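Peer 1: Given chain W's structure and the hints, the job is docking chain V onto it.
Chains as they are written, first to last, in my numbering: chain W, 73 to 318; chain V, 73 to 318.
Check before you lean on any hint, since a few could be wrong.
No copy is singled out in the list; a pair is fine if it fits within one copy or between any two copies.
As the list claims (entries may be wrong) - Straight-line Cα separation of at most 30 angstroms, DSSO-like style, residue types lysine-lysine; simulated pairs: (1) LYS247 to LYS220; (2) LYS220 to LYS84; (3) LYS199 to LYS247; (4) LYS220 to LYS199.
Derived by calculation from the structure, the hints in this document are not laboratory data.
These numbers come from a predicted model, not from an experiment.
If you want the building blocks of each chain, they are given just below.
There are 2 protein chains.
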Amino acid sequence: MRTIMSGVDGVKALLFDVFGTVVDWRSSVIREGQQLAQRQGWPADKVDWPQFADTWRREGYTQAMRRVARGEAPWVRVDVLHRQMLDRLIEQHGLQDLDEAARDSFNRVWHRLQPWPDSVPGLIRLKRRYVISPLSNGNVALLTNMAKHAGLPWDCILSAELFGAFKPDPAVYLKAADILGLQPQEVMMVAAHRGDLEASERCGLHTAYVRRPFEHGTEPRLEDVSPNQFDFQADSFEDLAIQLGL
Amino acid sequence: MRTIMSGVDGVKALLFDVFGTVVDWRSSVIREGQQLAQRQGWPADKVDWPQFADTWRREGYTQAMRRVARGEAPWVRVDVLHRQMLDRLIEQHGLQDLDEAARDSFNRVWHRLQPWPDSVPGLIRLKRRYVISPLSNGNVALLTNMAKHAGLPWDCILSAELFGAFKPDPAVYLKAADILGLQPQEVMMVAAHRGDLEASERCGLHTAYVRRPFEHGTEPRLEDVSPNQFDFQADSFEDLAIQLGL
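Pulled out of the complex, with its shape left as it was, chain W reads as follows (with noise of 0.2 angstroms):
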């Protein structure tokens, strides 16, 4: 890790993962999810939430998405891909009395995913120095939605669906930087994930580590990080702000 500030003065803007980093998609889903089954009557039984939620992001995201990076599907939406899994766990579930106007706004929970509380305070910090956008695999409506709604304060929205790729194709870094009219190392990608830090620091990117450890559930979990693997590792954006100088 370097000490504070060298190494990154040149950088112009930072990228933040979304999912998991900004947002807490966990507890969202779920809360929404028992809202959803307390205004359509179902037993309280019917849905273990915490392991549906688990299930479509596994399946409907993570797995879709390497299906897509190795060929073996065309490029979709996520919102596409949320809501083919989301049908398929309706059926597993039992849930078919869902009309469609309920799925497709259930399917947009994850345009109305919850900040973690230190995103929007340690986001508004790190926008005084820095152009601050998304880079994820979210798709661009999804992610204006949910900064609407979130209060997320981003200067542009940058989604791999603008260049029709998934991260970690080093597509998506390489061409995130160029449209902001920026150099690799001008850029530092900011993520609670080891892989998508990994896929930015071989496009030349700048890293920050941010440890989010309570994204796959209340017993806290990291990621596999070594200490001084890549620039920065912060406990949050408000700490990041500060070892920034911000």
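Peer 2: Okay, now just chain V, sitting in the frame of chain W:
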């Protein structure tokens, strides 16, 4: 013109033309030109800055864009078009003492254009109900830097650059609606220019004409728009917000 809110109940996003509609490009370029002349120690009559600004805009942007639209030139970023024209103007005016750093910096005056006085307060009001975004031929970096500089509270940054075309190509309007996850009729284009609005209308978007009589100088000049043309006609973004019941 429709009465308040009728016919636009389904509108979810407002897309804004930028040069002339949101920002006063002419005064901004003149002012920075005069400051540059002073720094360089040029005699006060060496450059007619209003004329310089007009030529830069007309030949470096409007005409260059038409060549791209006619297929006579490949699509390139507006930053590049502006720079090509700036280099020609530098030749014509005998300003070759400007070094590369000064040329690059002056070319970025288009990233630092000043908003009209009602732009920021009007956008803040309109943002309460609508997704607000630029839809400009200016490139993403230009629009992002401009927003940061001028405090434009966009929800996202949409540029013709994302679609590899320039307005008034229908693809730009249709793809902008699509990337927001909206139908054309859920989007309203806001512009000070008839051609932009007519092209939007042909794509099924709603339209709001905002009068900017001083875009081209201190002598007021308006577009040739008939009284009932477009869904709304307004004197400012704040006037538009009022007409929309905000």
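Peer 1: Which holds for LYS199 with LYS247 at a C-alpha limit of 30 angstroms: within a copy, between copies, both or neither?
Peer 2: Answer is both: 21 angstroms inside a copy and 29 angstroms across each meet the 30 angstroms cutoff.
Peer 1: Treating 30 angstroms as the Cα threshold, decide for LYS220 and LYS84: within, between, both or neither.
Peer 2: The answer is both: 24 angstroms in one copy and 13 angstroms across copies each meet 30 angstroms.
Peer 1: With identical chains treated as interchangeable, where does the CA-CA distance between LYS220 and LYS199 reach 30 angstroms or less: within a copy, between copies, both, or neither?
Peer 2: Both ways: LYS220 and LYS199 sit 16 angstroms apart in one copy and 9 angstroms across, limit 30 angstroms.
Peer 1: First find the shortest C-alpha distance between LYS247 and LYS220 inside one copy, then the shortest across copies, and answer within, between, both or neither for a cut-off of 30 angstroms.
Peer 2: Both: 25 angstroms inside a chain and 21 angstroms across chains, each within 30 angstroms.
The structure shown violates none of the earlier numbered hints.
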